[in-house]
Amino acid sequence: MSDITHNLAQVREKISAAAQRCGRASEDVTLLAVSKTKPASAVAEAIAAGQRAFGENYVQEGVEKIRHFQDAGVRDLAWHFIGPLQSNKSRLVAEHFDWCHTVDRPRIASRLSEQRPAHLTPLNVLIQINISDEQSKSGIALSELDALAAHIAALPGVQLRGLMAIPAPETEYDRQFAVARKMAVAFDALKQRYPTVDTLSLGMTDDMDAAIAAGSTMVRIGTAIFGARDYAARPNVNL
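Every letter in the sequence shown is one number past the one before it in the UniProt record's numbering, and letter 101, counting from 1, is 101.
I should point out that these hints are in silico values taken from the structure, not numbers from a laboratory. Computed from a prediction, not measured in an experiment: that's the story for all the values here. Glycine residues also receive a C-beta, built at the ideal position from the N, C-alpha and C atoms. A hint or two may mislead.
Unchecked claim - Quick list of the computed label-pair ranges, beta carbon to beta carbon:
#1 P84 x P169: 17 to 23 Å
#2 H6 x S26: 36 to 42 Å
#3 R181 x A154: 37 to 43 Å
#4 V74 x Q115: 35 to 41 Å
#5 S143 x P169: 30 to 36 Å
#6 T5 x A141: 38 to 44 Å
#7 S26 x D98: 34 to 40 Å
#8 V74 x E95: 42 to 48 Å
#9 R229 x A9: 27 to 33 Å
#10 E95 x A9: 30 to 36 Å
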């Protein structure tokens, strides 16, 4: 058993245990394996262990991996863009990814819709919320959510699926849970207005338990699966 296979099994067990503790089914929480900076060989190990959803922070690196596995005939993967999105990179995301988690302004949403190829299904998008009001992070305030959601819902090339957030680091569970609940309340309200909304992307390795207890439907886990990242080796994505 490879390290990645072992790590994936452990992460899945932790997700299942966290879900059971709050009366949820483990199937209600999707594991998004964050494969940024990792080579295609590492992703291949995760695929062999049954993982199908992968998150990438860097557009070009993600596109290279997507093309690599398409060329290899692996067609059942879901690729999520989870990094900050610049306008000049929106076309690559629209043409290659299945999801974009970081929509935070109408112009980006419109560009993604216009640039989504007609032969593909609409791009699944999440609105990024800056839930901890950090100047260093992308995302909108909750007060801006209604207007942006209405804008996205009217676009033909994208489909509004929910919300994403990267809360400020907290070491205490109660504080983690309080922030996660703010997101969950906003998510539940959004679901009442838009039938396509079903995804709350919230929770990483250190706050996964609190996020799941609050209602997250997708957790983003990287290092616990693939090991420490070597950013110097980021461009090397080949097998």
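Hints versus structure:
1. As the Cβ distance of P84 to P169 is approximately 18 Å, the hint placing it in 17 to 23 Å holds.
2. Taken as a hint, the range 36 to 42 Å is violated for the pair H6 and S26, whose Cβ atoms sit roughly 18 Å apart.
3. The beta-carbon spacing between R181 and A154, approximately 29 Å, falls outside the hinted interval of 37 to 43 Å.
4. Against the hinted window of 35 to 41 Å, the Cβ-Cβ separation of V74 and Q115 comes to about 24 Å, which falls outside the hint.
5. Separated by about 24 Å at the C-beta atoms, S143 and P169 break the suggested range of 30 to 36 Å.
6. Look at T5 against A141: about 41 Å separates their beta carbons, and that is inside 38 to 44 Å.
7. Judged by the Cβ atoms, the range 34 to 40 Å given for S26 and D98 is violated: they are separated by roughly 22 Å.
8. The hint said 42 to 48 Å for the Cβ distance between V74 and E95, and at roughly 18 Å that hint is violated.
9. At about 21 Å, the CB distance of R229 to A9 disagrees with the hint of 27 to 33 Å.
10. A hinted range of 30 to 36 Å for the beta carbons of E95 and A9 is consistent with their spacing of about 34 Å.
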